[in-house]
Every structure is written in C-alpha cells, then in structure tokens.
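For the protein sequence lines, the chains are S and F, in the order given. Throughout the first sequence, residue numbering follows the numbering used here, covering 1 to 271 in sequence. Throughout the second sequence, residue numbering follows the numbering used here, covering 1 to 385 in sequence.
Just so you know, the hints here were simulated from the structure itself, not pulled from any lab data. Remember, it's a predicted structure, so these values are computed and weren't measured experimentally. Please note that a few of the clues may not be correct.
[As the list claims (entries may be wrong)] So, partial list: chain S residues that the calculated Cβ filter (under 7 Å) puts toward chain F: (1) ARG72; (2) PRO103; (3) GLY106; (4) VAL119; (5) ARG120; (6) GLU133.
All C-beta atoms, glycine included, are put in the ideal place defined by N, C-alpha and C.
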Amino acid sequence: MELTVEALTAGYPGHPVVTGVDLTVPSGQVVAIVGPNGCGKSTLLRAVARLHKPESGTVRAGEKDVWQLTQRAAAHRIALLAQSPQAPEAVTVAGLVRYGRHPHQGLFRQWSREDERAVREALEATGTTALAERRLDQLSGGQRQRCWLAMVLAQQTPIVLLDEPTSALDLGHAVEVLSLVREVAAAGRTVVMVLHDLASAARYADTVVAMNAGRIVAQGPARDVVTASLVKELYGIDADILRAPGDGSPVVVPVAASAGTPAAAETTPVG
Amino acid sequence: MSTEHAQDAQTRDAGGGVPDAGTTQASPPSLTPPDSTPVRLGALSWLFPYRSALAALGMAVVIGLIVTLAAFASSTGMSFSDTVSGLLGTGDSATVMLVQEFRLPRIAVGLMVGAALGIAGCLTQTLAGNRLATPDVIGVNDGATMAVVASVVGSSTGMIGDWWLGPLGAAAAAMVVVLCAGGAGRGGYRILVVGIGVSTFIGAVTDLVMSRENDNTAGGVFLWTVGSLNGRDWGVGTPLTYLLLLLVPLALVAGSRLQLLRFDDDMASTLGVNVRRVRAVALLLAVALAGIAVGIGGPIGFVALAAPVLAARLTGPTRVPVVGSALAGAALVAGADALGRVIAPVEIPVGVVTSVLGGPFLLWVLFGKKSSPAPPAASQKTGKA
Numbered sequence: 001m002e003l004t005v006e007a008l009t010a011g012y013p014g015h016p017v018v019t020g021v022d023l024t025v026p027s028g029q030v031v032a033i034v035g036p037n038g039c040g041k042s043t044l045l046r047a048v049a050r051l052h053k054p055e056s057g058t059v060r061a062g063e064k065d066v067w068q069l070t071q072r073a074a075a076h077r078i079a080l081l082a083q084s085p086q087a088p089e090a091v092t093v094a095g096l097v098r099y100g101r102h103p104h105q106g107l108f109r110q111w112s113r114e115d116e117r118a119v120r121e122a123l124e125a126t127g128t129t130a131l132a133e134r135r136l137d138q139l140s141g142g143q144r145q146r147c148w149l150a151m152v153l154a155q156q157t158p159i160v161l162l163d164e165p166t167s168a169l170d171l172g173h174a175v176e177v178l179s180l181v182r183e184v185a186a187a188g189r190t191v192v193m194v195l196h197d198l199a200s201a202a203r204y205a206d207t208v209v210a211m212n213a214g215r216i217v218a219q220g221p222a223r224d225v226v227t228a229s230l231v232k233e234l235y236g237i238d239a240d241i242l243r244a245p246g247d248g249s250p251v252v253v254p255v256a257a258s259a260g261t262p263a264a265a266e267t268t269p270v271g
Numbered sequence: 001m002s003t004e005h006a007q008d009a010q011t012r013d014a015g016g017g018v019p020d021a022g023t024t025q026a027s028p029p030s031l032t033p034p035d036s037t038p039v040r041l042g043a044l045s046w047l048f049p050y051r052s053a054l055a056a057l058g059m060a061v062v063i064g065l066i067v068t069l070a071a072f073a074s075s076t077g078m079s080f081s082d083t084v085s086g087l088l089g090t091g092d093s094a095t096v097m098l099v100q101e102f103r104l105p106r107i108a109v110g111l112m113v114g115a116a117l118g119i120a121g122c123l124t125q126t127l128a129g130n131r132l133a134t135p136d137v138i139g140v141n142d143g144a145t146m147a148v149v150a151s152v153v154g155s156s157t158g159m160i161g162d163w164w165l166g167p168l169g170a171a172a173a174a175m176v177v178v179l180c181a182g183g184a185g186r187g188g189y190r191i192l193v194v195g196i197g198v199s200t201f202i203g204a205v206t207d208l209v210m211s212r213e214n215d216n217t218a219g220g221v222f223l224w225t226v227g228s229l230n231g232r233d234w235g236v237g238t239p240l241t242y243l244l245l246l247l248v249p250l251a252l253v254a255g256s257r258l259q260l261l262r263f264d265d266d267m268a269s270t271l272g273v274n275v276r277r278v279r280a281v282a283l284l285l286a287v288a289l290a291g292i293a294v295g296i297g298g299p300i301g302f303v304a305l306a307a308p309v310l311a312a313r314l315t316g317p318t319r320v321p322v323v324g325s326a327l328a329g330a331a332l333v334a335g336a337d338a339l340g341r342v343i344a345p346v347e348i349p350v351g352v353v354t355s356v357l358g359g360p361f362l363l364w365v366l367f368g369k370k371s372s373p374a375p376p377a378a379s380q381k382t383g384k385a
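Extracted from the complex, chain S is given alone in its bound form (with noise of 0.2 Å):
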C-alpha cells in the first residue's frame, strides 16, 4: 500500500516542527528518515500513525485519509513502533505479540484461527517462536526489540513505521533488526523508518530522506544523497564520505577532533 504525505504542517501552537513536507513512498520500500535531533522526523512519523493532529495537509494510506478514518480502521492500515514502548507488566512474549491481533478483534471474533496464524508467523519471522511462553522484561534489549517487532507485524499491517528500532541495540542486534525489516518489505509491506545512524540508513533503505529544521532538505538513493555537504548542513560537521568495498553504498566518518566541534560526539555511528 502506497504512503503518500502532500503538504504536511505539524507541531505545536506558534511553532510548526515540520513544514510543507512531501513524501511518496510505494509498496514494498523502506524509506529511512535521518536528520538531527530536534529537525521534525518523529513529529512527522506521528503525525503519520496518527499520534499528532496535523495542522494542514494529508496523509494518505492507499486512497484513504488517514485522519479521516476512525481509530480502528487506521490501526488496520497503519502500525507503529515507538522508540520505547512500555509494555503491559509482566506480559509474555506470545502476549505481547497477541496485542497485534487486537484490531482484528471483537466481541464475536476474539481469537480467529487468523489471529493464531498471524502471531505464529510474526514469531516465526523475528525468530521469538522460542521466547514465546517467557516474560518480556526478563528478555535481553535485542530480544525485546525483535518481539515488539512481532508485535507489530501480526498487527498485519500493509504500513509499518517504525521510530529509531535500534537506537538501544549493539552492532549485531541492530544489523539483526535491520535485515528483518528488509524482509518485512521484501513481503509488500511498506516500511518508513526513522535512524540515527546514517551507514544503517545508506544500507539499508531504498529511499533516503534527510530532514533539517522541519524541512525534506534531500530524498533519493542513498548514494547520491548521503554526501559531504549534507553531513555538513544537517550536523554542522566535516566528514568525509567512503564507499564500502562491498556494495559502494557511503560510510560517513566525521573528520577528527581538530574541528573542536562538540556535534561531531553526537554523529558517531550508535548502531
């Protein structure tokens, strides 16, 4: 299903965080928003999954408005992740992924065999069919992370946005995440994504958009997008930008402290 965003405003009374944005995204890519804290790109997911009434402008999901549809509808079409969620107290991980289903749900059809078939190929993909009967908060992060994302895939949403998957997880759990959201997409659904990191967001997104001050300020392919002088107008730091040997796609590396610039903390790779 198609994302389309014409003209969104969003933010908060006498100070608007996203301004005039634009956004396609079609079925079956992930698009990566990157920017610097503060530039808009959560507000803008939000407003999205309909978390943060916009001011003006349309979000469409398919043909619909998103904003015209009720609660439920949405949560048909729409599923999301937020940077951390807080889960019903001592919830197991098949309890937590069955929350997915509860769109789906109602007083005549409270468990479908759809639902059962739903939750078992989320844990199937996450790879959590094991964690299935063990409580969440005695999970590691990595674990965690891959069950909420089950979570939301049984939600069998054909839109899932998700804020900043692997901003708690190590290098290995983050390419983890990362490699399963590529095989969410790979089934059709459209994935948009907001990252800090801009290696991951090079690798692993189709589209790449770079957000500053609540402006799209460059979106396309990694390659052309990730450059120098973008690093340099969102981050304010000087980085060169390297190819990797395997695939070409840019590796940022903020040049060393002689800049003095206390930013240049702050861009480092986190995944």
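Keeping the supplied structure of chain S fixed, place chain F upon it in accordance with the hints.
Coordinates of chain F only, in the frame set by chain S:
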C-alpha cells in the same frame, strides 16, 4: 550477559538448527491466551476464560456462605437450619418473612454496595496504572460525605437527605479533581496528588460544618461518615439494583477496552483504541458506581483497593478483572458487615471493620510486591496461602 548472544543465536536457529529442530517441532508453544479455551463457530470465535470462571464460581460459593452466616449471625435465637430454610424460602412463613424481609435486604444492599466499590476500584486502578488509585483518592468519598453532611445541615429536621445526594457530591468532587489535574491521563501521579489535595480540603470543610452542629445531629452524621449499612433496606436496595443492572454491563465493556491501556497511550492508539473516549467513559462509570455505593453505604474504606487486587490474584494477570472485583467487593462488604455485628456486643460499623482489616492488607500490597519482583507469579501466591 556474555551468554546473551549465544542464546539469541539459539533462538534464531530454532527450527533450522540441528540440535534444536527436534524439540521445537515436537512442542510448539501454545499461542492461545493463557487460562482460556477458544470456542469457534465458522468466522465467529470466543475465548472462554476458564480460570476466571472457576475463580468466579469459587467466590460465588464464598458469598453464599457469607449470606447464610450473616443471616444467621443477626438472628436472636433462630437455629442455623431455620436460617437456611428461611433464606431458601422453604421454612414456615414466619421464618421466611423474618429472614427475607428483615435480614436479607441489608445483606443484599451490602453485596451490591461492595460490588459497585469493587468495580469502581478496578476501573480506576486500571485507568491510572496504579494499585493505589481508588475512587476515594479522586475525591469521591469526601465529595459524597460533604453532600450528605450539607443535606443534614440544610434540612430543618436534621435528617440525612435522599440517597442520591451522595453520588451527586461524589461526581462534583471527582469533576473538580479531574479538571484540576488536567484530565485523567496515565502519568498517574498527577491525578493522585491533586486528588489527595482536593479530598483533604473537602474533608476539612465537612469537619468544619460538623463541628458547628449540635451533638445529636453530628452523632447521626458521624455514623454515616464511617460507613455503615445499619437500617438499609429495599427503599435504597431497589434503585441500587436498577442502577447496577444498567452500569455493570457498561463496566464490563469498558473493562475489555481498558485492557489495551496497559500499554502507553501511543501504543494503545496505534492498536486501534480511542484512548480518550475509553478513558472518559471508564472514569465516568467509576465515579458513578463509587458515588452510588458511598451515597448508600457511606465511605466504606479499602474495599475499592482490595477487591481488584484480590480478584487479579485469583483470575490471573491477563484480563481486567471486572467480574472478579465485583464478587470480591461484594464478599468483603457483606462479610465485614456481618463480622461487625457479631464480634462485639454493640454493632461495629462496616466501614470500621474494613479499615481495620484494610491496613494490614495495604502493607501486604505495598511490600509483598516489592520484595519479589523477579518471579512474582509463584512467590506471591505462596505468600498468600
């Protein structure tokens, strides 16, 4: 922690990995919600919560015993078997009338008041995500008390006014608290703190008014302010029955929606819940139920706190235990009322009994939970038994 990656690798391989393949295929984990059996009919499907049903059955039996004992305990010189046959309507007409017309009404009112308090507590605790968030914390008790006391002061006869003044005062106080707290959002503590402040203020006004009344009036009002079922009959029991028939089904629906508020609001929204509406409706129901209960039985303490906690222990953590809380609340109030009538030569008001029992219970909730955070399911159960 060094084994973390190894574990992960194992789980990744499950199904494909050679050593794991056999075992995982032999015992695929059950994905059905725990303690439930799915019942399917074509495209329709239901979950029968057998553990909750069993717990409810058990509580119903306990309530039956309490009713019988309460009817027996309040008798003077009636044998136990006569009491039972009076309850069942099989005894001689004098016995039946004595039990059913004079004793049963008060017991029935006690059960209904307890059920209302239990459900109200269940809703507010789930709303705030905090076990200490009971309706009295958001000003319901003090608001109701204030209204009743005002009715006494305002009347020429010095009698307590109509029962519906309590719910009205409760609603007014709860509205003030919710408005001052800027909504009933999670974040929980804000509404608790504002609630304590407003309650204290209203309580002080009530005390001030009481202190200016003569001893006779103040004495009568005082009995009400500690929570008592003395003299409650079908005069209040009938409207109470109708109100509960209306509100309890609504609370059941609200309870099933509140389930999702165990997540943060954003997650609940993206899972298809209209968080604002669910929260407003649940809060309204809680205030109505608690207000009605307090209006009739006075501010009977601790039931709204204890009933949902007991119910959750019995029915398991997966559901919002609306039915269980109603039954536990009913048993607590009717039981405490009966206890208050037999343990001392002069009747002890039910509110005093629940408060005395409630203190230790509160400590158990607070410390029982902290002391065993790791595997609470097992250790807390044994702690209770």
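Hint check results:
1. ARG72: Since chain F brings a Cβ to about 4 Å from ARG72 of chain S, closer than 7 Å, the hint holds.
2. PRO103: Since chain F brings a Cβ to about 4 Å from PRO103 of chain S, closer than 7 Å, the hint holds.
3. GLY106: Violated. Min distance 10 Å.
4. VAL119: holds, 5 Å
5. ARG120: holds, 6 Å
6. GLU133: holds, 5 Å
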